[in-house]
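Here the protein sequences line up with chains L and Z, keeping their order. Counting from 1, one number per residue, gives the positions in the first sequence under my numbering. Counting from 1001, one number per residue, gives the positions in the second sequence under my numbering.
These are calculated hints, taken from the structure and not from any lab test. Mixed in with the good hints there might be a few duds.
Which residues of chain Z face chain L? A few of them, derived with a C-beta cut under 8 Å, are [as the list claims (entries may be wrong)]: (1) Tyr1037; (2) Glu1038; (3) Ile1107; (4) Ala1109.
Heads up, the beta-carbon is just placed ideally off N, CA and C, and yes, glycines get one too.
Listed below, chain by chain, are the residues.
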Amino acid sequence: MYRTFGPTNIWRELDRMQRDMNSLFNEYAPARLRSAPGYPAINIWRNDDGLFLHAEMPGIRVEDIEININANELTLTGQRSMDELPEGAVYLRRERNFGKFSRSIQLPFAVNVDKVQASFKDGVLNIALPKAEAEKPKKIAIKS
Amino acid sequence: MAEKNKSMEVQKQEEIQVDGTERMRARATFIPRSDIYETEESFFVTVDIPGVNEKNIDITLEKNTLTISAMSSHDAPEGYLRSFAEFQAGDYERSFRLSDKIDRDRIEAVYTDGVLKLTLPKAEEAKAKKISVKTG
Chain L
1 MYRTFGPTNI
11 WRELDRMQRD
21 MNSLFNEYAP
31 ARLRSAPGYP
41 AINIWRNDDG
51 LFLHAEMPGI
61 RVEDIEININ
71 ANELTLTGQR
81 SMDELPEGAV
91 YLRRERNFGK
101 FSRSIQLPFA
111 VNVDKVQASF
121 KDGVLNIALP
131 KAEAEKPKKI
141 AIKS
Chain Z
1001 MAEKNKSMEV
1011 QKQEEIQVDG
1021 TERMRARATF
1031 IPRSDIYETE
1041 ESFFVTVDIP
1051 GVNEKNIDIT
1061 LEKNTLTISA
1071 MSSHDAPEGY
1081 LRSFAEFQAG
1091 DYERSFRLSD
1101 KIDRDRIEAV
1111 YTDGVLKLTL
1121 PKAEEAKAKK
1131 ISVKTG
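Isolated chain L, as found in the complex (with noise of 0.2 Å):
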């Protein structure tokens, strides 16, 4: 509780409650980006038709990536390795991570697992996820 000198000024008011609750409300809004809870960070596009995944991973031989699909759960594992050095190499600076890594999202919708497609580019990981048949809104005609 905080003291106003002089008489509230409703506007004021309203106005502080509506900056309050949109403050609130951004950090589930999904058009803003949001600080990735695991390596590593994706994008993820959609239509009516399914998905399309873009994840940067910079650094990672594509034999070190593992993608799962089931349902409706899609899991990316793998694992970064350290350059080799040449002999007698010194650090001066080190930034980059290395590790395994293991992240699993849940899809909106039920996917056609056949028709998956992964790709791999500049360190960018593409995966196509069309929608499954039975997910599709089917026209019904109408008896009459």
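Given chain L, put chain Z in place with the hints provided.
Just chain Z, lined up with the frame of chain L:
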């Protein structure tokens, strides 16, 4: 609560404008993570810049400052809406000051899988010379 796996951090660090000058492009600028190591023969600088076409990488060496700048682009699929985003396309920029003399004609740069690796060979006179001690 399950423990977070902290071995791999993901957040890209955004550049902070220090001197008030702004970039001309209105895109986020990131400071790419780099490793630097040296051997007797050369320096090696490894920079993480995913999503960049190698034509969009600029490396310049002026006096003793090495500047790496790149522009990333993400192929947004046609007709799709972004529904979840944890990273964005932007520019990468980072400068390093190099202390020893570098042989500029022999600098090499290789870009694979989102990682730019620079090899900066040391100039002959900068290599450590062994001085033999004579007994007198």
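Evaluated hints:
For Tyr1037 (chain Z), the suggested interface contact is upheld, since its CB lies about 5 Å from the closest CB of chain L, less than 8 Å. At its closest, the beta carbon of Glu1038 (chain Z) sits 6 Å from a beta carbon of chain L; the interface hint therefore holds under the 8 Å criterion. This hint is violated: Ile1107 (chain Z) has a C-beta 17 Å from the nearest C-beta of chain L, more than the 8 Å allowed. At about 15 Å, the closest approach between the beta carbon of Ala1109 (chain Z) and any beta carbon in chain L exceeds 8 Å, and the interface hint on this residue is violated.
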